[in-house]
Every structure is written in structure tokens, then in C-alpha cells.
Amino acid sequence: MAGISRKQVWMIVAGAVLVSAFGWLLIGGLDKNVVFFLTPKELLAKGNSGYEVPVRLGGQVKPKSVQWDDKALDLRFVLTDGAGDVSVHAKGAPPQMFRDGMGVVVEGKYGRDGVFQSSSLMIKHSNEYRPPKAGEKPQEMYKTLIKGSGA
Amino acid sequence: MTQSVDTNPDLPKPGYWPWYGIFCFLFLIGSQASGLLLSVPDRDMGHLQKIMYVHVPAAWIMSLTFVVVLYYSFRYLWKQQENDDLVAASAAEVGAAFCGLTLVLGMIWGKPTWGVWWTWDARLTSTLVLFLIMVSYLALRAFIDDPHRRAQWSAAVGILGAINVPIVYMSVKWWRTLHQVQSMPSTVDPMYVINLRLNAFAFLFLMIYFIRRRYEAARFERAAELAVQAAALGRR
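Sequences listed follow chains A and B, in order. Heads up: the first sequence at position 56 corresponds to 56 in our numbering, and the numbers run straight through without jumps. Heads up: the second sequence at position 18 corresponds to 18 in our numbering, and the numbers run straight through without jumps.
With the rest of the complex left out, here is chain A (with noise of 0.2 angstroms):
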């Protein structure tokens, strides 16, 4: 093989200085505390401040909290992370997934009555996927999407 000439060098060093800096913002200069929404916690801690402003607010569905009205499409829950709780109003259907246990995350305003309004409402699964246990029926979700696209 012959030499190496000058311009591979340049393209050699232009290439090492791309995966550094790249490797540099990778390491250090990324902001690791970039959210995608908050913890009931997180945003009670944040008192008079957390009221009243757009925030994504994420945690559990405490059990037994769920009351669904299903003529007005109102929905009513706790959402928690274990060390804080916030009552959530939502209107609309919920996906099918959500239930009792089940990881959310809501859009909306926290308003000073103590009632966070969400105005979208996802559902945010764990990494687990096991099929029903014996005497469990699985959720036969298709079904009921076909159902929900007519109403």
C-alpha cells in the first residue's frame, strides 16, 4: 500500500475531532436531567410555581382510586409515585390499558383547587410482557379499538 498522503491525514483528524466532540457532548455537556414529565413529588415540590403552567405529570394509578363515568365520559384518579399523590380530572375515554396499577402520564395544569386538569392522557408500559396467568383472560384490545373507532 502507498503512503499515506496529506489530505487522508486531514480527513483521518477531521473524523477524530467529530467522534471527540461528539463523545465530549455525549459524557458531560448533554443535560441528563431532561424530562419528559414529572413526578406527583417533583411537582408538589415545586409549590405556588406549580400551579397553573403547562406540565406532562407521570406515576401510577393508585389502586381503588379510578371513578369513571362512563355517560359523561368523565374520569377521576389518583396518580402516584409512591411519595406524593395527585387527584387527576380527565375528559374522554382512557386507552384501553389503563387500570388500576397501570403507569400514565397526563398533560395539563395542576390547578390551585388541588385537582390536576389533563387535557392528554398516555399510558406508559413497563419493559414486561407475559402472557395471562391460568384463569386470566388477556385483554382482547382489538376488539374493543374496533368498538371505540365507532363511537
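In case anyone wonders, no lab produced these hints; they're calculated from the structure. Remember, predicted model here, so these are calculated numbers, not experimental data. A virtual CB, placed ideally from N, CA and C, is assigned to each residue, including glycine. The reader is advised that the hints may include incorrect statements.
Stated by the list, open to error - With a cut-off of at most 30 angstroms between alpha-carbon atoms, the simulated DSS-like pairs for lysine-lysine come out as follows: (1) B:K79 / A:K62; (2) B:K173 / A:K41; (3) B:K111 / A:K133; (4) A:K71 / A:K109; (5) B:K50 / B:K111; (6) B:K111 / B:K173; (7) A:K91 / B:K111; (8) A:K109 / B:K173; (9) A:K41 / A:K62; (10) B:K50 / A:K62; (11) A:K62 / B:K111; (12) A:K64 / A:K109; (13) A:K91 / A:K62; (14) A:K46 / B:K173; (15) B:K13 / B:K173; (16) B:K79 / A:K109; (17) A:K41 / A:K91; (18) A:K62 / A:K109; (19) A:K109 / A:K41; (20) A:K46 / A:K64; (21) B:K111 / A:K64; (22) A:K133 / B:K50; (23) A:K64 / A:K41; (24) A:K41 / B:K111; (25) A:K109 / A:K91; (26) B:K111 / A:K71; (27) A:K46 / A:K71; (28) B:K79 / A:K7; (29) A:K46 / A:K109; (30) A:K91 / A:K64; (31) A:K64 / A:K133.
What the hints assert, rightly or not - Over the 12 angstroms line for every Cβ pair with chain B, so calculated as not near, a few chain A residues: (32) A21; (33) G50; (34) E52; (35) V53; (36) K62; (37) K64; (38) W68; (39) D70; (40) A72.
For this one, chain A is given, so just place chain B on it according to the hints.
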């Protein structure tokens, strides 16, 4: 002198690759059938869990494809051999397709399970950025006529894009996102793990097949370009 494209001995021959392709697609049909028909519905998601057998392998193999782009881009910058650039470009095209597949299936999965088609969390955003870089890589190649310059610029963009792969992978660990962290064999039922691995191999075989055949086509394209040039020069 012009050399006929058909008789040029330097050009790659199909060899056994078409047979390998048939094997790939049969394997894919088998592994998808196993996933769709034999795998039991998930307790939360029901049959929707089976989107996993395309979404996840597509994401894995997309990452691997960009490692190929990275390797051959560096190799081109080092040795300046045109064929390395053509392999990188072929891999980038295949990777962009798998990346697009990952995004589209993720959206189709997201709507019924999460409740939204799309949201700007770190995983989704970084994957979209990766996709856009690889698409711009392909667009860039169409804009530069000089093969050497085209290869140099593509290599730079290819390396830039490949650096995004670890960011995409780590995004769910570094930042708080809507997308869940990676599943592990301990969090997934063994039957799902088997089907997932089976389909991952199907996608791996396909990736190799696609890159190879795209590379062959790229070689022929270049040979045709050179033949046209030689003919034009000969006529003068």
C-alpha cells in the same frame, strides 16, 4: 476504451445470492408465522404485543446496519477505495428503511397502547433524528456528481449518523421518557423471547441479503456511469 457492462470481469456476480435470498424470505415467513400464530396474547396488550416481532428486530438490525455504515465510511476515508463507499451507501439505504419501519410500527403500536401516535420524548425524538440524518445521507449523494467528493461527504454524514445509534439506545436510560427501558429475558416470557430472537435472526439475514444485492446494483450503476463517460470522451 469502453467495456461492456456484461462482460466486465470486475463486476460482482449473483452467484448463490438469489438462493440465499429465497432462504431469507422463507425464514422470515416462518419466524413471523411462529410469532403471529404460536405466541400467546399478552395479558395487557393482547395480540398487539406481536408488533414486537417486527418493531424490535427492525430497531436492532437498523443499529447494526449503521455500524456497517460507520466501518465502511472510515475505511473509505482511510483507503479511498470506491467500493467501500458503495457498501456504506448500500448499508445506509437498508438502514434507513429499517429505521423507517421501526418508527412506523412504533407509531402503530403506540396509538392503541399508549394512546398517542407520537410524542416528543427522548427515545422517539432521537430515533427520528437518526432517520432524518440517514435520509439526508441518501439525498446528499444525489446532489454531488464527483464520485470522490460524494464519497467523502457521505462518509462524514454516515459517521455522524452512526454516532447517534448509542444515543438512541441509551436515551431511555439517560432521560425520563414515555418509551419504556429495554426489555430483558427476565422481564419477558420465554416464549416471547424465542420468537423475538427468531425474528431478529430473520431480519439479520435479510439485512445481509439487502446490503449485498444493493451493493451489486451500485457497482453496476457505477460501471454504467463510467461507460457513458468513456463513450462521451471517445466520441470527441
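Quick rundown of the hints versus the structure:
no.	hint	in the structure
1	B:K79 / A:K62	61 angstroms, violated
2	B:K173 / A:K41	20 angstroms, holds
3	B:K111 / A:K133	26 angstroms, holds
4	A:K71 / A:K109	24 angstroms, holds
5	B:K50 / B:K111	15 angstroms, holds
6	B:K111 / B:K173	23 angstroms, holds
7	A:K91 / B:K111	18 angstroms, holds
8	A:K109 / B:K173	27 angstroms, holds
9	A:K41 / A:K62	14 angstroms, holds
10	B:K50 / A:K62	29 angstroms, holds
11	A:K62 / B:K111	23 angstroms, holds
12	A:K64 / A:K109	23 angstroms, holds
13	A:K91 / A:K62	18 angstroms, holds
14	A:K46 / B:K173	25 angstroms, holds
15	B:K13 / B:K173	45 angstroms, violated
16	B:K79 / A:K109	58 angstroms, violated
17	A:K41 / A:K91	24 angstroms, holds
18	A:K62 / A:K109	19 angstroms, holds
19	A:K109 / A:K41	15 angstroms, holds
20	A:K46 / A:K64	27 angstroms, holds
21	B:K111 / A:K64	26 angstroms, holds
22	A:K133 / B:K50	18 angstroms, holds
23	A:K64 / A:K41	20 angstroms, holds
24	A:K41 / B:K111	28 angstroms, holds
25	A:K109 / A:K91	14 angstroms, holds
26	B:K111 / A:K71	24 angstroms, holds
27	A:K46 / A:K71	35 angstroms, violated
28	B:K79 / A:K7	11 angstroms, holds
29	A:K46 / A:K109	13 angstroms, holds
30	A:K91 / A:K64	19 angstroms, holds
31	A:K64 / A:K133	22 angstroms, holds
32	A21	10 angstroms, violated
33	G50	17 angstroms, holds
34	E52	22 angstroms, holds
35	V53	18 angstroms, holds
36	K62	18 angstroms, holds
37	K64	19 angstroms, holds
38	W68	15 angstroms, holds
39	D70	17 angstroms, holds
40	A72	19 angstroms, holds
Of the numbered hints given earlier, the model fails hints 1, 15, 16, 27 and 32; all others are met.
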